[in-house]
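*Asks:* Input sequences plus hints: build the corresponding full structure.
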Amino acid sequence: MKRLAFLIVVVVLLGALASSPVLAFTDLNNAEREAILQLKDRGIISGITSSRFAPREKASVAQGVNMIVKGLNLKLEQTGSGKKPVATDLFHTISNHEWYSDSFVIARVNGLELSSDVNPNADLSRQLYAEFLIKAVGIKGLDLSDPVFFEDLNNEAITRGEAALWLHKSIQFVESQQSIEKRGHYATVNGLDMYYEIHGKGGHPVVLLHGAFMSIDTAFGTLIPKLSESRQVIALEMQGHGRTVDIDRPLSSEQMADDVAELLHQIGIKNVDIIGHSLGGAVGIQMAARHPEQVRKLVVASSTFKSDGMYDEINGMMDLITPEIFVGTPIEEEYKKLAPRPEDFPKLVEKIKAMGSVKLDWTPLIQSIKAPVLTVIGDSDNVRPEHALEMFKLLGGGVAGDLTGLPKAQLAVLPGATHVTLMENTDLIVALFTRFLDASNEGE
Numbered sequence: 006m007k008r009l010a011f012l013i014v015v016v017v018l019l020g021a022l023a024s025s026p027v028l029a030f031t032d033l034n035n036a037e038r039e040a041i042l043q044l045k046d047r048g049i050i051s052g053i054t055s056s057r058f059a060p061r062e063k064a065s066v067a068q069g070v071n072m073i074v075k076g077l078n079l080k081l082e083q084t085g086s087g088k089k090p091v092a093t094d095l096f097h098t099i100s101n102h103e104w105y106s107d108s109f110v111i112a113r114v115n116g117l118e119l120s121s122d123v124n125p126n127a128d129l130s131r132q133l134y135a136e137f138l139i140k141a142v143g144i145k146g147l148d149l150s151d152p153v154f155f156e157d158l159n160n161e162a163i164t165r166g167e168a169a170l171w172l173h174k175s176i177q178f179v180e181s182q183q184s185i186e187k188r189g190h191y192a193t194v195n196g197l198d199m200y201y202e203i204h205g206k207g208g209h210p211v212v213l214l215h216g217a218f219m220s221i222d223t224a225f226g227t228l229i230p231k232l233s234e235s236r237q238v239i240a241l242e243m244q245g246h247g248r249t250v251d252i253d254r255p256l257s258s259e260q261m262a263d264d265v266a267e268l269l270h271q272i273g274i275k276n277v278d279i280i281g282h283s284l285g286g287a288v289g290i291q292m293a294a295r296h297p298e299q300v301r302k303l304v305v306a307s308s309t310f311k312s313d314g315m316y317d318e319i320n321g322m323m324d325l326i327t328p329e330i331f332v333g334t335p336i337e338e339e340y341k342k343l344a345p346r347p348e349d350f351p352k353l354v355e356k357i358k359a360m361g362s363v364k365l366d367w368t369p370l371i372q373s374i375k376a377p378v379l380t381v382i383g384d385s386d387n388v389r390p391e392h393a394l395e396m397f398k399l400l401g402g403g404v405a406g407d408l409t410g411l412p413k414a415q416l417a418v419l420p421g422a423t424h425v426t427l428m429e430n431t432d433l434i435v436a437l438f439t440r441f442l443d444a445s446n447e448g449e
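Note that our numbering has the sequence shown beginning at 6, numbered continuously upward.
Keep in mind that the hints were calculated from the coordinates and are not lab data.
Ideal Cβ positions, reconstructed from N, Cα and C, are used throughout, including at glycine.
Possibly wrong hints are sitting among the right ones.
To be verified - Pair by pair, the computed Cβ-Cβ distance ranges are: (1) Arg346 with Glu161: 43 to 51 Å; (2) Asn101 with Asp432: 23 to 31 Å; (3) Leu408 with Ser51: 43 to 51 Å; (4) Pro390 with Gln132: 51 to 59 Å; (5) Lys398 with Asn35: 40 to 48 Å; (6) Leu408 with Glu180: 39 to 47 Å; (7) Ser445 with Ile53: 27 to 35 Å; (8) Ala59 with Asp107: 21 to 29 Å; (9) Leu394 with Asn320: 13 to 21 Å; (10) Asp432 with Ile274: 23 to 31 Å; (11) Ser100 with Thr31: 28 to 36 Å; (12) Asn159 with Pro390: 53 to 61 Å; (13) Pro335 with Pro230: 52 to 60 Å.
Said to hold, decoys possible - Pairs of lysine-lysine residues, derived as DSS-like cross-links and limited to a Cα-Cα distance of at most 27 Å, are as follows: (14) Lys80 with Lys145; (15) Lys358 with Lys311; (16) Lys398 with Lys364; (17) Lys364 with Lys352; (18) Lys45 with Lys140.
*Replies:* Here you go:
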């Protein structure tokens, strides 16, 4: 279980970074690949085919407007009359049934200067695209007008690759500013100054527990907006991670579980559901066993309960983990951006490595858990499927439900998912988690 904390790191460093899908564009250079694939993963851009983005082709006005509307999440607010405009209300040259029709309406309503006779198929100039971005970011209450932000502003056509990179830079700027303004809190918990955020209202509260080296944003950035639509979400950063500074004690899933329990006590939340990924799943198991009164339901994603839960080749990679292999990686950059003491990163690496070297067998612990548990892995996970099945059976699963009734334990194997990409399947994951969390407890 604890070893899974390292798997994200090893897989990332071997080229399976969470932001890089298995099926990716093949025509990108090294300078643009990461940014463009991140935009693709977030559903902001698409290629001209499944394998080609065509970064050197000229971007059309329609492509640029659509990128900005989706990338900066511009919305069409309800008008006073209750009727939302359509493309033909605003433009002479755009029907209501083009793939970009809605984006043009949203852009125009939000103040982007698009004339009624705009040609959506015309080449988009670098100058005009920059003006669109500045205006769109300004809607967020932020100023992107620094002349050094964009390169070579002129009337030449911008390429698809350049447009994507400018958009990615703009999104990073907006998100970095918004992260400063997030409703984050600190609580003194067992000697830690623990950082946490609360999102949404209603429903049974759910706690999100991240994996090793992760932060709230990197682990659950796409999950929180959807989960918080129907329930209160408490996301936290555990010892030494994100904005929670490390202290002079070893890392252990047991201690981290006690930290979570104390945080919930301090903020007055008596009973929660828990979703934990990788290391977070280990902490969730410890929470359910050590603090059963606080846990209603538990989701354990891509986690193990015994040292042999992963494939042998994954276990054999443990010696690869050193502070040096993180240099220049997104993990190191995120840590430097968030951590109160960025210089502590090598200590965190060594502590996580030490935690993962401990041999474990939590069979009795798993059998003691009373809360309903959903065990989730990817079909190409680092966790062996037979190991996940063993956990499922220890929790009461593996019965003929038509004869005995459904057990409290559930098991899900997501197709086309790895340890790293499992939580990126946002729509599928949210539907799966919500169905489990909202269902009445079977087997009780």
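*Asks:* Can you name, in rising order, the numbers of the hints this structure does not satisfy?
*Replies:* The structure conflicts with hints 6, 7 and 13, although it agrees with all the remaining ones.
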